[in-house]
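Chains U and X supply the protein sequences, listed in that same order.
In terms of the working numbering, the first sequence is residues 4 to 775.
In terms of the working numbering, the second sequence is residues 266 to 726.
Just so you know, these hints were derived from the structure itself, not from any lab.
Be aware that a few hints might be false.
[To be verified] Covered stretches of chain U, going by a simulated chain X footprint (3 or more residues, C-beta under 8 Å): (1) 21-29; (2) 232-240; (3) 506-516.
Heads up, the beta-carbon is just placed ideally off N, CA and C, and yes, glycines get one too.
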Amino acid sequence: MSDLKNVGRSIRKVDALSIATGRALYTDDFPLENPLSLMLLHSPHAHAEIIAINTSEAELVDGVVDILTYENTPHTLYTTAGQGYPEPSPYDYRMFDRKVRFIGDRVALVAAETAEAARKALAMIQVKYGELEAIFDPEGSMEPLAPKLHGEDAYAPLPVKYDPLRNLAAEVELGFGDMAKGFSEADLIEDNIYHTHFASHCAMEPHATKAYFDEKGRLVVITSTQVPFHVRRTLARVLDIPLRSIRVVKPRIGGAFGGKQEIILEPMAAYVAWKHKRSVRFVLSRKEVFTFCRTRHPFRMRFRTGYLKDGTITAMDVDALMNSGAYGAHALTVLSNSGSKMLPLFNKIENVHFLGRTVYTNTPVGGAYRGYGATQAYFGFNQQIDIIARKTSQDILDFAKKWHIRNGETSEVFRILGEGKEGVEQYIGSCGLDECIDRGAEKIRWYERRDLHFSPVPEKVRGVGMAISMQGSAIPLIDMASASMKMNEDGSFNLHVGATDLGTGSDTVLSQIAAEVLGVSPEKIIILSSDTDLTPFDVGAYASSTTYLSGKAVEKCALNVREQILTTASQILEIPRDELLYGEGRISDRSRSTEVRLEEVCLHALYTKDQYQIQSCASHVASESPPPFMAQFAEIEVDTQTGEVKVIKFVSAVDCGRAINPRLAEGQVEGATINGISYALHENYIFSDNGRMMNDSFWDYKIFTAPDIPEIHTIIVDSEEKTGPYGAKSVSEIGLNGPAPAIANAIYDAIGVRLFETPFTPDKILRELKKL
Amino acid sequence: MKFDMTLNGKNISIESSPLRRLLDILREDLGLTGTKEGCGEGECGACAVIMDGMLVNSCMVPAIQLPGKHVLTIEGLGSPEEPDPLQRAFVEEGAVQCGFCTPGMVMASRFLLSQNNKPDKEQIRMGLAGNLCRCTGYERIFRAVERAAGEGYGETIEPSFFLSTPGSFELCENEKNRIFIPHSTEEALAILKTHGEVITLLAGTTDIMVQLKNGRKEPEALMDISRIPELSSISLENDSLQIGSCSTYSRIYSNPVVQSHFPALQTAARLNGAITLQNRATLGGNLMTASPAADMPPVLMALGAKAVLRSTSGSREISITELWTGYRTTVRLPEEILVGIKVPIPSENSRQIFYKRGSRSMLTIARVSLAGYIEIDENGSILEPRFAVGTMGKTAFMLEDLQNFLRGRDLTEDIAIKAGNIASGSVNPRKTPEYRKQVTGNLVKKFLLGIIEERNQKEEQ
């Protein structure tokens, strides 16, 4: 496929110039005429009934137009998780509720002519709360006497295990082989409990929604979302207004990482707009993003691994407990993913059992977050295999190579565990993990660093560690993407896709695929994404699906258009279709003696004879979800005096199939990697005793800044995934899986301290060092 | 209030309330939406613009400080049709992902290159320290800056300048008795004499703008003291360095005397936030907010500084240790201004240090700041040991036990280790006590052992 002209090239991002010059419009940049300002009142209690809420004084504030509470808004149950239909997440959420379930939960919303009026009114709303006992610890959440968060009315739209009266938001269990046999055969059992913590997505653009009415009286919602079509569907249902009256527009998005796969602001904004026939502006503060929006679900994961003295694994038993926080957004699917994206990686283990439970607590709400359960699971998994490799005197690199899934192989887990239903059987068609391991090891100088405790100055010690992982590419037989396209007289093409570019570059990647099929330069592709009036459906940007799934829809669509071009060219040139050559911007006979340019083909089709519009549309559903693979390596330095851990060098080697745009693919890996390192070392939610997040600003919630960045290397290992567009798989999420375990393994390599809990803060390191 | 300013090279007239943020004036009043709001607390840099040649966060700049200012925003650089070479470098290097941070990042890069034509990698990292990006992992942004630097972008920028023009403005009727913009200390003191009880002083505004964002009520009356030349001056007089209270961190650490004689002070100024903050935050602000987590108090305590307070009835000089009376309270009287501080030039046989742990890279509750100063006489014994810590009490405080232990002793390894243990025992922070006690001791030990090693190396030579 070396004759590719567009695919595989690092072309400029199609929207980069308008962004870099400050012209690109994000949600809050759209001018609206006299919008109402919307502002939320948040709960000061972790768990309480609202006994009385008095808004009469607040309503008297000059400029206040409306105040929404549970008393005057629809009571429809829904989930904020923007997923397919019916949603796999429980319906346990209302626009407003008479009960509040975490500090920061919504209580009331003020709509006012100005932000100042709204702020003033907020302070004047009087709420009488009846405090309830709160539960913060997921371990105790299912105890019979534990306070219950949700009543009998909450329900799961899919036939899945859901029991709000036990605080059980989801449960998944799977197994195969014979566990008793597996453990009885084992010489040794490695039994450890791993904890991962809360984290915020920290997209630089806070959540924002604007709404207005067009000249036809239809409601237009401009919103910072990953899932515009799910937003439209949910709005119609929750507000009980016709879906045809709603248009959802996704503008430029200032990052999302899963945090905007949530339908949080839109129902409130649309409700006020619809009720008052006014335009509205609803933009959250950074503090609200931290405390009111979604987080990475914390996990407690117990791994019991039975193995022989030679390292042969005889059984793997995983018990996962996931903290969903106050509501069940993605409660089932993140949990499922922690098994289904991890267990198949070591597909040669014969006896496997996985039990996962998601429970409610009175803490901030978990949600989709880049990595989606796999990140949490691989933290324990990779330390577990590091421990076993060391105890059986093997290099973890060799150990990983021996056990990981390979080309042509499958795993029982693929078949058993899907999202809210059974999975889909699949055989691996591309796996470059061995090469990822080898090339990554070379770059980090594994064999010159491992087990050496190299100490550049007396109080500092270095070490190296490694982690492997896999992810998926879209949800098989569930996710659908589509594209439509038409041709213009200058040989350009309008490409309309439901796919949702969040800043990832999918508009660019999809343009490259279309350009490749149609033999034009990418500038000839005019892409428009995610406008529910103008573009066809797409589930949205999640589950690492866009390049693989939407890319295939674009490829199919472009192939249809190409076929029409050939048909028309055949009429013009009077040469049979089969004897035509499709070249760069032109169609010719085989000898290239007669030809017709694309512009002429379109002119002919539009104006000359048997006129028609060259156009097409196509949809794509994948029957499998080919995993990308990754090996990540950390070299770290521990300061034994202060407990600080510094990452010196970090290498990520990824097999993402063919990279349609290598530079954008590298950018995805680099961004995910740095997010992962930052998560491993710094980021955390710190709570007061009554459940309040104490560090709800960038001042106190530290994400990596430019000076913190270690030397990073990204290696793209070529492979060819036959089911993907031009051989591509996904790349966006996987880079977050490895940093925490690779760094943990490196810390052990340096100082012999094993950290079972993220993040690796200096106080923990010093505490553990003292124990040695 | 009404005033004129220059925006992207054009003179414009603005009407605004005095505390309205430059960010809102740009986005809402003028429709320039390239400047973004990511946090509104000066921590993310998405709203960074260049004002009078300096990089600032526009969410931190109130209208009261804008008269006569020159502001450059992302829209003033180039357009999609004709991008500025720096904007083009961002595009070519793939430094743009979601792009929400990009306008601020471009402005920060431009400021960096205006100060330093050919920055190395480390200088680029530091120059962009105040601009958060969650998408790219920064690496490609570094390359974009390197590319622009390589193309000679920095040389094309006019050198930065400080405007001395006062800038004309007109107050509304209801502002006349509560908004004050004096241009001399005398003028300011006269205003304070009558309105001192109700006036809030503004200079760097890095604290108050955050508080207003978080719902603090607007103060009854305001006085902007950032335009008083005396308060921003740094000068050497009678063996002590006098630093005006409105001196910004960036002016402090770039001062030659600070660089040659006060490495601890220079470190503290440099470690305080990122460039955008250092270009705004003032010494006086850091001292007078009286936060126990502030960096300047422990440094100035260790350096033996004095504070100079003045009112219309005269001046008084007090030891810096007497400036604070408790959590966020000071001895300043309503009619007084902190004019500045005086720091004695240290003896040649002295060593000083400022350590901060947990500033950027870690959670703030595990924060430790320590400043140390010792003089050693020709016989090797310690004179004048001064150690102070921040973040571990209601105010910064000196480690008296440690000082008493060290005074008059010979500095040996054994003494250094004992000193570390004493330091550990002298602090008792409420949160993460074990960790912070241990680190305090380790840092004292590290400072003293470093001096011994330096001495040994000299002797070997």
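Which of the stated hints cannot be reconciled with the structure, identified by number in ascending sequence? 2
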